[in-house]
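Protein chains in written order, with our numbering: chain A, -4 to 303; chain B, -4 to 303; chain C, -4 to 303; chain D, -4 to 303.
Please note that a few of the clues may not be correct.
Heads up, the list lumps identical chains together, so a pair's fine if it works in one copy or across two of them.
Capping the alpha-carbon separation at 25 Å, the derived lysine to any residue pairs in SDA-like fashion look like this [stated by the list, open to error]:
| id | residue 1 | residue 2 |
| --- | --- | --- |
| 1 | K296 | R176 |
| 2 | K294 | G167 |
| 3 | K140 | D177 |
| 4 | K140 | D164 |
| 5 | K296 | D177 |
| 6 | K140 | E114 |
| 7 | K140 | G167 |
| 8 | K294 | A166 |
| 9 | K296 | H138 |
| 10 | K268 | R178 |
| 11 | K294 | N275 |
| 12 | K296 | E114 |
| 13 | K294 | R178 |
| 14 | K140 | G301 |
| 15 | K296 | R178 |
| 16 | K296 | E59 |
| 17 | K140 | D182 |
| 18 | K268 | E114 |
| 19 | K268 | G200 |
| 20 | K140 | S162 |
| 21 | K296 | T(-1) |
Please keep in mind that the hints were generated in silico from the structure rather than gathered at the bench. On a predicted model such as this, the values are computed, not experimentally measured, just so you know.
4 protein chains.
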Amino acid sequence: MTATFAGVIPPLCTPFHDDFTVDTGSLRRSVDFQLNAGVHGVFILGSSSEVAFLPDAQRRTVMETTIDEVAGRVPVLVGCIDMTTLRVAEHVRAAEAAGAAGIVVTAPYYTRTHVAEIERHFRLLRELTELPIFAYDIPMAVHTKLDGEMVLRLAEDGVIAGLKDSSGDDAGFRYVLLGKRDRGLADFAVFTGSELVVDSVLAMGADGVVPGLGNVDPAGYVAIYDHVRAGDLAAASAEQERLMRLFTITDVAPPSRMGRGSAALGAFKAAMKMRGLIDNAVMAPPQLPLNDEELVRIKDKLVAAGLL
Amino acid sequence: MTATFAGVIPPLCTPFHDDFTVDTGSLRRSVDFQLNAGVHGVFILGSSSEVAFLPDAQRRTVMETTIDEVAGRVPVLVGCIDMTTLRVAEHVRAAEAAGAAGIVVTAPYYTRTHVAEIERHFRLLRELTELPIFAYDIPMAVHTKLDGEMVLRLAEDGVIAGLKDSSGDDAGFRYVLLGKRDRGLADFAVFTGSELVVDSVLAMGADGVVPGLGNVDPAGYVAIYDHVRAGDLAAASAEQERLMRLFTITDVAPPSRMGRGSAALGAFKAAMKMRGLIDNAVMAPPQLPLNDEELVRIKDKLVAAGLL
Amino acid sequence: MTATFAGVIPPLCTPFHDDFTVDTGSLRRSVDFQLNAGVHGVFILGSSSEVAFLPDAQRRTVMETTIDEVAGRVPVLVGCIDMTTLRVAEHVRAAEAAGAAGIVVTAPYYTRTHVAEIERHFRLLRELTELPIFAYDIPMAVHTKLDGEMVLRLAEDGVIAGLKDSSGDDAGFRYVLLGKRDRGLADFAVFTGSELVVDSVLAMGADGVVPGLGNVDPAGYVAIYDHVRAGDLAAASAEQERLMRLFTITDVAPPSRMGRGSAALGAFKAAMKMRGLIDNAVMAPPQLPLNDEELVRIKDKLVAAGLL
Amino acid sequence: MTATFAGVIPPLCTPFHDDFTVDTGSLRRSVDFQLNAGVHGVFILGSSSEVAFLPDAQRRTVMETTIDEVAGRVPVLVGCIDMTTLRVAEHVRAAEAAGAAGIVVTAPYYTRTHVAEIERHFRLLRELTELPIFAYDIPMAVHTKLDGEMVLRLAEDGVIAGLKDSSGDDAGFRYVLLGKRDRGLADFAVFTGSELVVDSVLAMGADGVVPGLGNVDPAGYVAIYDHVRAGDLAAASAEQERLMRLFTITDVAPPSRMGRGSAALGAFKAAMKMRGLIDNAVMAPPQLPLNDEELVRIKDKLVAAGLL
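With the rest of the complex left out, here is chain A (with noise of 0.2 Å):
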């Protein structure tokens, strides 16, 4: 028995054109590019999509671009970004009109909040709603993280269907693991965020993974989840540490010069233009552009790593 969610679900870019409408072409594409390389769903405004950046038009043009061009082929979860219920809501409704397959739901930011805010924020949003909702925990964004027994309580009682976990603590996910292994929870999703770690994560139980760098190379990333499920762990870790090195694009722009958003994204889209998966590697303002010298570096890397 499995969870209704699971694999390899890459959090997509948005490409833009100078203007910082979505290019809808390259996204197209890019999707394509995904589901050729054998992703078991995608992700869909989520923090590499830029969501933050956003604004709401745009956000519909992405779903419906996305959801469009996937047609029905995998699931598309969308993340309903925002800072409290309100706000959050709105999105729900959007996504739930793009056709989503699921959203993805951050704690309350902005404001200074508690566990027993948060609890109620995702039981509120749950009585909204008939989609699956995943609880997403990314404490370098919203600055709490939350707390793994609360989450268990949510999907306990059906409020939360998954959770994708970008927190970095590898040992509180793991008490999530085996959280859900000891209450039967086999439906729920639990997936990391992290690209780093995922042949062991996925071999202590994890459901699935959503890579920032599957953007630039899901067929890693599908390789190593059927190296795990196939219990050639040796060989998932090999292909694990190709990816880890290939990661180090996202360092290539120094923290003197740029915030460690711009870097990894900048990053990420610099390599999906020199793959060819997007035609444009602008990023929404106020981020800063990737210099000449840092482009160098950024394509030395994907040499290495086999991928150009």
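Got chain A sorted already, so can you dock chains B, C and D onto it with the hints?
The following block gives chains B, C and D in isolation, referenced to the frame of chain A:
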């Protein structure tokens, strides 16, 4: 010569009906109460307004109602609170349409940003609007502190017209005041967002204050402002101390039970209701309400402050 | 070819009499219990030893007693935990005099430091001693994370012989393992300080583990180590999960009542006493003791783990 | 009625020879310079003394030399800076032996502590000594903020005789001042550790200041103190602003090059040497030295402040 904006400009709370629509009647009553108390402006859609909880339609209702009720008697500053440039830009257009006298903008959040990107954020917004822009320094919400040197550079270049500093860093605030004087930026309006050291920062040369507690007792802050201008620092200090005691209503609900945001906003709204300024103290979800015992303690503190 | 140090090296707790002098009888009993369980070394005067609470004379007693009792059967690593270079240097001399097999050193703390100063700290200590130096990455205590590239540079230059990583950053840890392999640093001993992901980090190539919970159940960690070396990851994982459940003894005392340090150390010491390894579970001041209800819950967890 | 301790009590820097032994000649010269400038006490072995870098023998040399040189002219406060109760207790005994007028103690650090354990720490130390205890609130170093209510409770119970607040939380500091007055704690000495808002906190009722920058320009702080006592707040403010400009010497060395601790201490020591107060500006390892360009900029700022 004085800055265009100066004095006491409270960040207005937003009264709701039980269904979380804006109670425009209470809002108008509250606005009139403020103006009768002598405030020099009002700031709507700031953190105290539950802006992070308000869908865009309700933000528009708050703007239209307030600006209509104020009817030009004082300037109305409008918070354009969102994560990044393009999303903020939409709120800026709405504020322009509604007739704001100025807008208030934070650093980007949710994304991991950088001082060069924060600066670019303000400069890009400056190109989009003729309205005066206040930089809003609120690391508690956005988890980045505005760099003082950057603030002064933006002021010198005419990018920002003011600063609302809710950072709690009084020494950094004073360096901005010193820089304002040294660089001859008489028009640059430097406001503190603190409720608790208003007398001393006005004495240091700050242009004004944006006190959340002013929702409950605007006359107190107007009195401090007048005392300082009259050179009566002892009277200003005595009034400030009375307001410090009153401000402890924000700690009545303990951190073990709810977020610090709800504890403070809940106390402001409860006090406003007790004073007859609004009909309903309900807060937007997922915030938790104060309990009866906590309300009794707030009432006692209002009595002690001479407000009931 | 293997590193000089490898395997399970528990960070020993320090048993006290009621007057907080070291209970050397219990310490000797505890050491023998560890060695009988098959550990490959012991680490004294680490965080689990309450080193931060021990005056220098008691540190010496711990060193002399342990090294005497071990009598060369396994290596004894000694924590030289202090704020900066000259103070650490004095502990290094004491460790040399006592016959330590290696020393363990953190980044500077109390002072606001910098990666270049942290690197200088280790290089200066290297000039002072012939003993192998382990870099101890414990941001929870010293509030600085060791930079992975710096760690590898120090290893390449022969400054440090090993790393004890208690940072909880598993992805960063894995980059160190990858760097160790890429740079041919076979002798560089990479240890995790986590109790909870030992099976997976050993599978990734870590040389060993320094588990605080090993004070209570060293045999469990030795079993994981042996299972991984034998290629039986399923057995390693099952044992790790049993120990994860046991580790929840450290959360029995709630954060509202005492520090997380006391809650964990109090649980280790209480469990050791229940298992007959030490006579007295008292902790050094100002730590607060566990209460009776908490002790009952710890006992239940020991029973569940098959240890009572 | 005034507190036992009041006025300007600078936290003295410790001059070294090139081998990091204490330069007692320079120390004596520096002490006399302070007393000639009119300070009301001196605080040795505080953070500015590099206490975190000083082995115990050198701490003793600092105590004995300073207390001998002061020869009873003003009180000498002694920092007993260490991680937890038993270690601090040893420094307390040394301070008693040396003839300290009072001791200064932080919250526990390195360990993850709790407000109840911090309170117990002070209460246990109170049982050990008759010396007045100052609570030292320095979250920058110990990563815990002292709770204001706890501070007042300890003052009421006679556990602590004073507070040195280097937290930067001016609102919190003012609540302590208010509590001092409301509870009739006239003898409780409330000091700020900030260099930058001395005029305003003295005006609010603080008893004194412990300014690191006082190593370079004690006369400036004595002038502020005298101006405030004479009711001349404008003169106090002008002097404070001159010292704010001088304080920017601590930012001359950039964060990309060295720790903020070294940048500040290095600037203080360099300025003291330029003024002829000490012979050698060397700092204890592993701190990095300022470079020539940085020293030139410091010299310029000393000239601008009228000190060279």
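Against the structure, the hints come out as follows:
Taking the shortest Cα distances, K296 and R176 sit within 25 Å of each other only across copies (19 Å), while inside one copy they are farther apart (39 Å). For a Cα distance limit of 25 Å, the shortest separation of K294 from G167 across copies, 23 Å, qualifies, whereas the shortest one inside one copy, 36 Å, does not. Proximity of K140 and D177 under a CA criterion of 25 Å is satisfied intra-copy only: 22 Å inside one chain copy versus 34 Å between copies. In the homo-oligomer, the alpha carbons of K140 and D164 lie at most 25 Å apart both inside one protomer (9 Å) and across protomers (15 Å), since each shortest distance falls under that limit.
For the identical chains of this complex, K296 and D177 are inter-copy neighbours only, at 16 Å across copies versus 42 Å inside a copy, given an alpha-carbon limit of 25 Å. When the C-alpha separation of K140 and E114 is checked against a cutoff of 25 Å, the pair qualifies only within one copy, where the shortest distance is 12 Å, while the shortest distance between copies is 28 Å. Proximity of K140 and G167 under a CA criterion of 25 Å is satisfied in both settings, with 10 Å inside one chain copy and 19 Å between copies. With identical chains, the CA atoms of K294 and A166 are at most 25 Å apart between copies only, with a shortest distance of 23 Å across copies and 35 Å within one.
Taking the shortest alpha-carbon separations for K296 and H138, neither the intra-copy value of 32 Å nor the inter-copy value of 33 Å comes in at or below 25 Å. For a Cα distance limit of 25 Å, the shortest separation of K268 from R178 qualifies neither inside one copy, at 45 Å, nor across copies, at 32 Å. With identical chains, the CA atoms of K294 and N275 are at most 25 Å apart within one copy only, with a shortest distance of 15 Å there and 51 Å across copies. For a Cα distance limit of 25 Å, the shortest separation of K296 from E114 qualifies neither inside one copy, at 42 Å, nor across copies, at 28 Å.
In this assembly of identical chains, the alpha carbons of K294 and R178 lie at most 25 Å apart only when taken from different copies (23 Å versus 47 Å within one copy). For the homomeric pair K140 and G301, neither the shortest alpha-carbon distance inside one copy (36 Å) nor that between copies (32 Å) is at most 25 Å. Proximity of K296 and R178 under a CA criterion of 25 Å is satisfied inter-copy only: 18 Å between copies versus 44 Å inside one chain copy. Neither within a single protomer nor between protomers do K296 and E59 lie at most 25 Å apart by alpha-carbon distance, with minima of 34 Å and 52 Å respectively.
Taking the shortest Cα distances, K140 and D182 sit within 25 Å of each other inside one copy (23 Å), while across copies they are farther apart (37 Å). Taking the shortest alpha-carbon separations for K268 and E114, neither the intra-copy value of 40 Å nor the inter-copy value of 28 Å comes in at or below 25 Å. Taking CA atoms no more than 25 Å apart as the test, K268 paired with G200 passes in neither setting, with 34 Å inside one copy and 35 Å between copies. Both within a single protomer and between protomers do K140 and S162 lie at most 25 Å apart by alpha-carbon distance, with minima of 7 Å and 17 Å respectively.
Neither within a single protomer nor between protomers do K296 and T(-1) lie at most 25 Å apart by alpha-carbon distance, with minima of 36 Å and 34 Å respectively.
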